[in-house]
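Colleague: Sequence:
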Amino acid sequence: MSESKTQSTTKKVMTGIYWNLIGKVLTMIVTLLVSVVIVRSLGVRNYGTYAFVFTLFYLVAPIWKLGIEDTLNKFVPEFLALGDSSLAKAIIKYGVLIQLTVAGLFSITVYFWIESLTATLGSIGLFPNDPELIPYLRLISLWIVPNSFSALTGVILVSIFDQKFLNIVVALKNLSTSCFVIAVLLTGFGISEIIIVTILVETFFALVKFIRTVFKFRIPSESANTAVVSKNVRKRLIRYAAIMIAIPLVNFIIWKRSENYLIGLFRSLEEVGFYNLAYSSSQNMLEKTNQLIGEMGIAAYAEVQVQGFSGLNKSCKMHAKFLYLYAVPVALGALTLAEQFIIIFYTEAMRPSIFPFQILLIAFCVGLLGAPMHTALNVLEKNDLILKINAVSAVALVATQIFLITQFGILGAVFGVLIFQIANNGFFLYITRKYVGGNFLPIKNLAKYILSGALMVLILLVGKFFVITELFTFIAFVLIGAGVYLLGLKLVKAFDSEDLHIIRQSDFPLKKFILKFYG
90 MSESKTQSTT KKVMTGIYWN LIGKVLTMIV TLLVSVVIVR SLGVRNYGTY AFVFTLFYLV
150 APIWKLGIED TLNKFVPEFL ALGDSSLAKA IIKYGVLIQL TVAGLFSITV YFWIESLTAT
210 LGSIGLFPND PELIPYLRLI SLWIVPNSFS ALTGVILVSI FDQKFLNIVV ALKNLSTSCF
270 VIAVLLTGFG ISEIIIVTIL VETFFALVKF IRTVFKFRIP SESANTAVVS KNVRKRLIRY
330 AAIMIAIPLV NFIIWKRSEN YLIGLFRSLE EVGFYNLAYS SSQNMLEKTN QLIGEMGIAA
390 YAEVQVQGFS GLNKSCKMHA KFLYLYAVPV ALGALTLAEQ FIIIFYTEAM RPSIFPFQIL
450 LIAFCVGLLG APMHTALNVL EKNDLILKIN AVSAVALVAT QIFLITQFGI LGAVFGVLIF
510 QIANNGFFLY ITRKYVGGNF LPIKNLAKYI LSGALMVLIL LVGKFFVITE LFTFIAFVLI
570 GAGVYLLGLK LVKAFDSEDL HIIRQSDFPL KKFILKFYG
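Going by the numbering used here, the sequence shown opens with residue 90, and the numbers climb by one from there.
Just so you know, the hints here were simulated from the structure itself, not pulled from any lab data. None of these values were measured; they are calculated from a predicted model. Built from N, CA and C at the ideal position, the CB exists for glycine as well. Do not take every clue at face value.
[To be verified] In silico BS3-like pairs for lysine-lysine, Cα to Cα no more than 27 Å straight-line:
1) K600 to K582
2) K533 to K601
3) K582 to K605
[Said to hold, decoys possible] Computed spacing ranges between beta-carbons, pair by pair:
4) I327 to F299: 36 to 42 Å
5) F561 to F299: 40 to 46 Å
6) L599 to G277: 40 to 46 Å
7) L215 to L289: 27 to 33 Å
Just need the whole structure built from these sequences, with the hints factored in.
Modeller: Shown next as structure tokens:
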């Protein structure tokens with residue numbers, strides 16, 4: 090494969106990572122601010138109700154998504170790389186039509202028959218006996234179509250590497266949602282109004298992304314109608330989508346807040362509040378680190394495969410490097426200042442969330458290893474293997490969590506997550522090495538990141554025990570710690586020649602500074 094094509098893909102990915110990083114940091118800050126207002130305004134019980142309702146929404150989302158978003162994310166960049174843009178547009182057209190139709194039918198069903206559905210589930214012990222949840226679930230059913238539309242347009246933009254625009258829109262959406270939610274809560278409203286604001290903002294920005302996709306795909310409409318989808322391509326699409334219906338559901342059970350549902354079912358909504366704060370905070374800091382590359386990884390790996398790169402091993406290694414370059418200092422810093430973080434931002438009432446928060450930070454740091462492995466296996470169309478492994482894992486996890494949650498509450502839940510992350514990722518590591526040509530873990534780089542992080546922790550410990558008592562000193566030491574980590578990366582020579590070569594091939598505003606400082 091030509092050097093120019095290699096540089097083209099590298100440039101697109103590195104530029105995408107740059108904009109994703111900006112979007113990630115902005116999203117993390119905005120999410121933190123709005124979560125503080127929500128927790129403080131609603132209180133533990135209502136916050137638990139809020140968390141349970143949104144968890145249930147995401148738990149059943151794969152039913153109406155039909156695996157179409159993941160299928161578009163896999164095949165659109167593949168066909169574009171092959172030069173068949175009309176076929177890519179045809180797949181987008183029919184995929185969007187099918188998913189939005191099913192989403193609309195599902196929304197209508199839930200809205201009009203929610204009492205019967207919850208009563209049936211409650212009679213077999215699968216739904217808590219709490220009538221307060223019904224109006225919230227009916228209202229959130231109106232979010233199904235806007236949420237699907239927004240996700241579809243986002244996937245299309247990711248598939249064509251339009252990360253700059255997408256991250257600007259996502260940042261504006263998050264900022265708008267946060268401002269409206271804060272305004273709603275400060276004026277004395279509650280959960281219903283939060284849901285309404287979320288729906289309206291999601292709808293508006295989904296339309297913005299849709300307009301962008303129309304301009305990016307300037308292909309005569311008749312080309313999509315006349316594009317010939319071969320029998321073999323149809324079989325690949327259907328097979329991939331069928332598997333991807335189940336995988337997100339299984340993955341939600343494994344990676345997301347499915348414990349909220351079990352805690353609400355077997356314990357109480359108050360405990361849901363404590364657990365959700367620990368989970369959402371650690372997720373906001375670490376688990377969402379996957380978004381630095383995220384769906385763009387599927388698109389990039391697919392392009393790598395089509396263009397004939399020597400193998401996916403190098404891609405997996407670089408993927409892991411970028412994730413842990415960010416995740417190591419965040420995890421170490423949050424572990425060190427966990428108590429100060431929870432108490433200063435969320436008040437003493439949320440103290441039971443501190444230890445679960447620390448355990449989940451460790452679990453998510455281990456779990457990040459799954460991102461490059463799942464990306465590579467998806468591109469190799471080994472998603473049936475992913476489904477089999479994760480389906481067995483999900484059954485084992487749910488069975489274990491039911492026992493741990495009923496016996497030990499939220500502490501049982503967090504230790505269950507930690508044990509699972511270690512076991513599941515260890516097994517996937519063994520499997521993935523066979524398909525990508527051996528070990529891809531950047532051990533030396535990880536050691537250097539941890540050493541740099543250790544220097545940062547020493548500074549944070551001084552703040553923890555002698556200085557940090559309020560928000561201002563907390564923020565000051567976080568910024569100082571970040572600076573020490575960046576300096577530590579230079580001292581340990583964290584960036585090797587391969588890293589610097591990739592940076593040289595890329596195009597983003599800080600490129601010259603990074604090369605000068607770390608080169």
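Colleague: Confirm or reject the claim that I327 and F299 have a C-beta distance inside 36 to 42 Å.
Modeller: Violated: the Cβ-Cβ distance is about 25 Å, outside 36 to 42 Å.
Colleague: For the hint 27 to 33 Å, verify it against the beta carbon of L215 and that of L289.
Modeller: holds (31 Å)
Colleague: I want to verify a distance hint. Is the separation of the beta carbons of L599 and G277 within 40 to 46 Å?
Modeller: Holds: the Cβ-Cβ distance is about 44 Å, inside 40 to 46 Å.
Colleague: Does the Cβ-Cβ separation between F561 and F299 fall within 40 to 46 Å?
Modeller: Distance hint for F561, F299 holds at roughly 43 Å.
Colleague: Given the hinted pair K600 and K582, is their alpha-carbon gap at most 27 Å?
Modeller: Between K600 and K582 the Cα gap is close to 17 Å, so the pair holds against 27 Å.
Colleague: Is it true that the CA of K582 sits at most 27 Å from the CA of K605?
Modeller: holds (13 Å)
Colleague: Sort out whether K601 lies within 27 Å of K533, counting only the CA atoms.
Modeller: holds (25 Å)
Violated hints amount to a single one, hint 4; each of the other numbered hints is respected by the structure.
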